[in-house]
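Just need the whole structure built from these sequences, with the hints factored in.
Top line first, the protein sequences correspond to chains A and V. Residue numbers for the first sequence follow my numbering, beginning at 1 and rising by one. Residue numbers for the second sequence follow my numbering, beginning at 1 and rising by one.
Quick caveat, the hints were computed from the structure, so don't treat them as lab data. C-beta atoms are modelled at their ideal positions from N, C-alpha and C, and glycine is treated no differently. Check each hint, because a few of them may be wrong.
Said to hold, decoys possible - One-sided and incomplete, this derived list gives chain A residues near chain V with beta-carbon spacing under 10 Å: (1) N31; (2) Q37; (3) R41; (4) G42; (5) V44; (6) L48; (7) F88; (8) A90; (9) G97; (10) Y98; (11) A99; (12) F102; (13) G103; (14) K104; (15) G105.
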Amino acid sequence: SQQGEEDPQALSIQEGENATMNCSYKTSINNLQWYRQNSGRGLVHLILIRSNEREKHSGRLRVTLDTSKKSSSLLITASRAADTASYFCATEERDSGYALNFGKGTSLLVTP
Amino acid sequence: DAGVIQSTRHEVTEMGQEVTLRCKPISGHDYLFWYRQTMMRGLELLIYFNNNVPIDDSGMPEDRFSAKMPNASFSTLKIQPSEPRDSAVYFCASSLGRGELFFGEGSRLTVL
Chain A
1 SQQGEEDPQA
11 LSIQEGENAT
21 MNCSYKTSIN
31 NLQWYRQNSG
41 RGLVHLILIR
51 SNEREKHSGR
61 LRVTLDTSKK
71 SSSLLITASR
81 AADTASYFCA
91 TEERDSGYAL
101 NFGKGTSLLV
111 TP
Chain V
1 DAGVIQSTRH
11 EVTEMGQEVT
21 LRCKPISGHD
31 YLFWYRQTMM
41 RGLELLIYFN
51 NNVPIDDSGM
61 PEDRFSAKMP
71 NASFSTLKIQ
81 PSEPRDSAVY
91 FCASSLGRGE
101 LFFGEGSRLT
111 VL
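Rendered as C-alpha cells:
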C-alpha cells in the first residue's frame, strides 16, 4: 500500500536554483527515506531520517521531518542538470513489519 | 562490488505465457524485496523475504503471481499465466537489516 505522497508531481528549474520537494504520509513511522531514479534505471538511496530526527544533511541535500504534520521535505541546493531525475519518499510504518511504502514521486527537470 | 542483479532487462511475451524474473541480491544482505512500478500505481511492494523466508506477500496481486527464494543468493518472481495488465517494470531490491534498499536496474515486462 502506498503511504507517501510527493508534491509537486513535476518541477522545472534552472541550474543553480534550489529545488524543494515535499512528502506527506498518513501513519506513524520509524523512518523516512528519499530515493532518486534516473530514467530507465533503478532507484538509488539518498538519505534516511529517523522519526526522532528533525533535520539531516548530505552534501547538497537537506531533509526535514515534521512528525506532528506527518510531512518531510527534500531540498537540493545549487541544482545541476545532472540532478534531473524522479525523487521518491519512502516510509517504514511503525508496527507493520519492515516494508518501505513509496510515493509516486516528483519529476525534477533542471535546465542548463 | 556487484549490486543487485536482475538478469532480464526487457521481456516481451504473449498473454497466457509463463514469465519468470530472476534476481541475485547483494551478498550478505538478509532482506529481499520485489516491487512493481507502473505510471498509474507507482511503486508497489509485492513481497519481501527475510533470511530467505517470505514475510509479507500481501502485495501479490493474485494467485497468478508467486515468488521463491531457495537460497540467500537467488530469488524468482513468476507470473503464470501472464496478462496484459501485468505489463510493468519489476524491481528487485535487497538490504542489510532495516535501512537503505539497494535496487536492481529493473525488468521491463510487456505482455501482448
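- Message: For the restraint on A90 (chain A), tell me whether the closest CB of chain V is nearer than 10 Å.
- Response: holds, 8 Å
- Any CB of chain V closer than 10 Å to the CB of K104 (chain A)? holds, 4 Å
- Message: So, as I understand it, the hint says A99 (chain A) touches chain V; can you test that by seeing if any CB pair is closer than 10 Å?
- Response: holds, 5 Å
- Task: Please verify that hint: G105 (chain A), Cβ, nearest Cβ of chain V, below 10 Å or not.
- Result: holds, 7 Å
- Per the CB criterion, is G97 (chain A) less than 10 Å away from chain V? holds, 6 Å
- Message: For the restraint on N31 (chain A), tell me whether the closest CB of chain V is nearer than 10 Å.
- Response: Where the cut-off is 10 Å and the nearest Cβ of chain V is about 8 Å from N31 (chain A), the hint holds.
- Query: Can the hint on R41 (chain A) be confirmed by a CB-to-CB distance to chain V that is less than 10 Å?
  - Reply: holds, 6 Å
- Closer than 10 Å between Cβ atoms is the bar; does L48 (chain A) clear it against chain V? Give me holds or violated. OK, holds: L48 (chain A) within 10 Å of chain V, min 6 Å.
- Supplied contact hint for G42 (chain A), tested at 10 Å Cβ to chain V: holds, 4 Å
- Message: Is the interface hint satisfied for Y98 (chain A)? The criterion is a beta-carbon contact with chain V at less than 10 Å.
- Response: holds, 5 Å
- Message: Less than 10 Å between beta-carbons is the criterion; does V44 (chain A) satisfy it with respect to chain V?
- Response: Because about 7 Å separates V44 (chain A) from the closest Cβ in chain V, which is inside the 10 Å limit, the hint holds.
- Under 10 Å, Cβ to Cβ, is where F102 (chain A) needs to be relative to chain V, so tell me if that hint holds or is violated. holds, 4 Å
The structure fails none of the hints (numbered hints given earlier).
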